[in-house]
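J.: Given next are the chains, with one letter for each unit.
There are 6 protein chains.
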Amino acid sequence: MAVVVQNVRRADPEVIDTLGRAGVATVHEAQGRTGCLGTLLRPVWRGAQVAGSAITISAPPGDNWMLHVAIEQVQPGDILVLAPTSPCEDGYFGDLLATSALARGARGLVIEAGVRDVAELQAMQFPVWSKAISAQGTVKETLGSVNVPIICAGQSIAPGDVICADDDGVVVVRRADAADVAEKARVRLAQEQVKRARLAKGELGLDMYDMRARLNAKGLRYI
Amino acid sequence: MAVVVQNVRRADPEVIDTLGRAGVATVHEAQGRTGCLGTLLRPVWRGAQVAGSAITISAPPGDNWMLHVAIEQVQPGDILVLAPTSPCEDGYFGDLLATSALARGARGLVIEAGVRDVAELQAMQFPVWSKAISAQGTVKETLGSVNVPIICAGQSIAPGDVICADDDGVVVVRRADAADVAEKARVRLAQEQVKRARLAKGELGLDMYDMRARLNAKGLRYI
Amino acid sequence: MAVVVQNVRRADPEVIDTLGRAGVATVHEAQGRTGCLGTLLRPVWRGAQVAGSAITISAPPGDNWMLHVAIEQVQPGDILVLAPTSPCEDGYFGDLLATSALARGARGLVIEAGVRDVAELQAMQFPVWSKAISAQGTVKETLGSVNVPIICAGQSIAPGDVICADDDGVVVVRRADAADVAEKARVRLAQEQVKRARLAKGELGLDMYDMRARLNAKGLRYI
Amino acid sequence: MAVVVQNVRRADPEVIDTLGRAGVATVHEAQGRTGCLGTLLRPVWRGAQVAGSAITISAPPGDNWMLHVAIEQVQPGDILVLAPTSPCEDGYFGDLLATSALARGARGLVIEAGVRDVAELQAMQFPVWSKAISAQGTVKETLGSVNVPIICAGQSIAPGDVICADDDGVVVVRRADAADVAEKARVRLAQEQVKRARLAKGELGLDMYDMRARLNAKGLRYI
Amino acid sequence: MAVVVQNVRRADPEVIDTLGRAGVATVHEAQGRTGCLGTLLRPVWRGAQVAGSAITISAPPGDNWMLHVAIEQVQPGDILVLAPTSPCEDGYFGDLLATSALARGARGLVIEAGVRDVAELQAMQFPVWSKAISAQGTVKETLGSVNVPIICAGQSIAPGDVICADDDGVVVVRRADAADVAEKARVRLAQEQVKRARLAKGELGLDMYDMRARLNAKGLRYI
Amino acid sequence: MAVVVQNVRRADPEVIDTLGRAGVATVHEAQGRTGCLGTLLRPVWRGAQVAGSAITISAPPGDNWMLHVAIEQVQPGDILVLAPTSPCEDGYFGDLLATSALARGARGLVIEAGVRDVAELQAMQFPVWSKAISAQGTVKETLGSVNVPIICAGQSIAPGDVICADDDGVVVVRRADAADVAEKARVRLAQEQVKRARLAKGELGLDMYDMRARLNAKGLRYI
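Protein sequence lines correspond, in order, to chains H, W, L, P, U and F. For the first sequence, counting from 1, position 29 maps to 197 in the numbering used here; every step adds exactly one. For the second sequence, counting from 1, position 82 maps to 250 in the numbering used here; every step adds exactly one. For the third sequence, counting from 1, position 171 maps to 339 in the numbering used here; every step adds exactly one. For the fourth sequence, counting from 1, position 146 maps to 314 in the numbering used here; every step adds exactly one. For the fifth sequence, counting from 1, position 190 maps to 358 in the numbering used here; every step adds exactly one. For the sixth sequence, counting from 1, position 112 maps to 280 in the numbering used here; every step adds exactly one.
Same shape as in the complex, but just chain H (with noise of 0.2 Å):
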């Protein structure tokens, strides 16, 4: 039952790179507004914004074995993805995990548990989204999984899927549909420039999206 999957698809690294620069809000519009980890997920540092490939990880309540495990497995660019198999705000990763993610490429930790050593994640601009902040540590006695379906705040992830996270939270996108969404998001971002623009300049989007006749036809009063 206690297994690490070893050979992990991961999406090309240019379209990856493309979904990290368009940031969690867009790609979330993207895809059909679909794929937001819950906003129990919060940055523990703000300003970061990544994305990468899953390498997931299903862990017992209080127990961060898993992670030292996992670590091996994260190639250049890999994001970490923790769930707990039962709800946990222990603090299973610190700096010191961190100085070894980093030194494997990891670009980041989502996790739906808690962290610690949180000023050093900041200094050494590592970033994590957690669920909580937690000195409180962990054993390491029993066994869970790397590399096998998870679900995270709310939503399922496989291992290979695209990670994107920022201040606004965490969105994963299937590995099978990033490069059609990060080209959907290429164009969004377009788009959403010549809105900005229009905007700025006074036009309202009652005007710009054209809403006035349906706002209407739906029984909107005016007094």
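None of these hints come from the bench; they were simulated from the model. Incorrect hints may have been included.
Given that identical chains are not distinguished, each listed pair holds provided it fits within a single copy or across any two copies.
Claimed, not checked - EDC-like, lysine to aspartate or glutamate: derived pairs with alpha carbons at most 20 Å apart: (1) Lys369 with Asp185; (2) Lys386 with Asp375; (3) Lys308 with Asp378.
Position chains W, L, P, U and F against the provided structure of chain H, taking the given hints into account.
T.: Only chains W, L, P, U and F this time, still in chain H's reference frame:
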């Protein structure tokens, strides 16, 4: 049922600015420890301190259509205040709407729901107090109302009421009370200046506020 | 029942400062993964790292009278620790009380309730760990006690216990254990330095901690 | 600031009783899907269904003095509605106060705080909807007000408004709207009776509400 | 994007009924301590114990249109499972929909949102596990999907998976694993019967499970 | 560090039974409005009212091994009290452990975590107050301690302290105070009987407690 009230009476701009300079905690004390919105509302970035006239929005869960309608009603110095008709954390507002609101002269947004593009909002210095940060988008299918009385984070807010917001949260001052509260806040700030100087020199609150006799009468024992 | 205990034994100042330099996560590990206060306590501004002797306060909900009483008991190097007798998020503490506490030499406040004036607290560099940020004020009507044992955020705290706090949260060290824990923390920090260097060079935790045999014995399979 | 308003206008008793028989969900629909208090309010025992005129209470956190004051204002058929001035879960109300309220003819209590003696409340069949069950007692030190407008669980409530409550929660109907809403609720109940019979026979909502064309137009695909 | 999948493969009815008799805790253990949905899901009335095939529904927040669509897909023995596309507590389901679902042979509803008419649901003995009880109604404006894979309360659920639910909560068993898990649950129930008899006679778990040596080896000290 | 203390001093059985009959709210008042455990602890079934001597358990998250160890320490009239070393909602306890605990004479369980088999627990009439109901199982890998002082739901509890629990929640009475508190509770119950009779006849609390003068002095105005 779905209406846009176009004629909003606002408080005197100088009164509003006095309230803005006083800050939330002082304004709240000046009006008798009332008016604070719930602590679930937090600034999406730290450091803003504003006051403005409320443009109120009652919107369905997961539907931001009325924000577009409301922005047309904004005059320079206004603050948008949105309450969903049932609890929701979706991202109703992002950098495009902020661009539009800024172009109309809005000073900020208070929303008992979610917003996104928070890095951009901070870069634009557009202040937002929200219940959540969420990239999860919304639809434009169901009407709501603009400039009707709403309940936001546990306080009743009428269009034209003065909203003050800073890192401590948000407080509402009834339009009719604004001049009186602003004057009391001004006096209070001056008094606090004096108290601060005395406390900084080491004088105790026990002495400065003359508390010792009353503590003794209530039965406090030193051992 | 309402008492102020004036005679508080404190730990050795050098021991306290060693604990302060070690930080919360390390201190917590050094005393056997115990002593963390709950994650509901968060710094109201990021970047402080302190240790000090606890001046404890048991206060009624929505009543901050005892804070004034407690400040008289503060000696340089102390940290105020307040637990309400029933759950409360009101703003018990702001910039005036902080001015007074600073004048007495207090190093910070830990409070399982709310505080306000957080922009000023940051400007003054007065560190606070609280459950909430709230401008909602309090009254001065009901007595509590100072320097009695309290439960704060799930931990028992006696007056004179050492409180360590940083961006990871808060941990308590019993006064009688402080010297021993400080020594263990010092050793631990030195060891972590070595480990960090090895991990930074790419050595895996799996090898550095010699985990492979035990993982295999427990049944972990690589596929 | 602390006042007791003694003159409360109430809705017609028959109207109130019609609303009580209709139940919360139906009344809420009958007035256009508005008026529900937040889901944090739950019945302390299951099975009650009542309606009555609101006697409103604004009380400090952890202080139940104003409940004693309010009970004098109760007339047969009234419901006590209490909102604390800041969030609180203490047990404001127990079997003694319930005995007194019952003797005055009160039909129940709605409270955005805690109550206790819930086994006795159930034995007495005194209905209570509360935010918490808590044995934690309160003091009688600080004034509040009776029969002023309050915000309870996210809804504005004026003295004399009609409160309906059952196992689904609580809804408020403005006094001035009560007769109209009661009539709409009565019609609605009759219509539901017919619909229920058709659905029970196996007719689908898709057909009964004629939804298929609109679903098709919106783009729903069957595969 | 909005689809209704009409062809759902279901597990063997006898297997489903065996799982239903075993109950949630036993089924969860029988499949290796996996599959529990989050504790936020609670029965709206106590005492039901059911199992059935999942008819899955992905619905927008505050919009219950897809429930009407889903009921047409129900076959006798099915359980409706609804997850909103973003968090919502509105009352999606009440006694009319329950009447219709019962008429189609549904055995219950699992919903990560709210329901209403809970007194009627109990009277009808229609079992529901929900995140909230709320009279707040919904609209019928936006499409969703039926019988696509969903994430409900932290678990991935495919149409046709077996859902077991009782007073302990809800667990999902993959359709392909159902027969195997049912057999293991059957064996487990028999073993528990034996253990229960021995424990009832006063035998200790320490002896029955032969734990003393391992506790001693781990270092447990009796003092 | 992991110890089992075998020698627990208990309060007098008659004192314990007097406290049990008084109920949680009365006991809490009798000892000066102190000792209530947090409202997060709720009975898993309604109607039990018990008192007993605490057998305390400190257990790791997701690991119920120490419950088996603790049951050996139970004497008739004891109540098991478990606090996890970090927050956890897993189901530590079910019908097998309850069978064993009952066979040893335990009167109940108070646990700041989850339990399961709640239908069976009710059928057996074994009372449990817990933070959660969860079928999610636990492991037996990591030691904890039995009969050491713990913090449970915000209260310090020593082995042998008296635990009282009913539908209102849980309160702890120090062993050394138990006789005194029991006597005060007995007196209080008698007084409440008299008050209840007077209130039932329509006498107001305002008069019975002689509150009018003090309300007037504080400034309450009737209008």
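J.: So, for every hint listed, does it hold in this structure?
T.: Verification of the hints:
no., hint, verdict
1, Lys369 with Asp185, "neither (32 Å within a copy, 26 Å between copies)"
2, Lys386 with Asp375, "within (17 Å within a copy, 24 Å between copies)"
3, Lys308 with Asp378, "between (59 Å within a copy, 12 Å between copies)"
Of the numbered hints given earlier, the model fails hint 1 alone.
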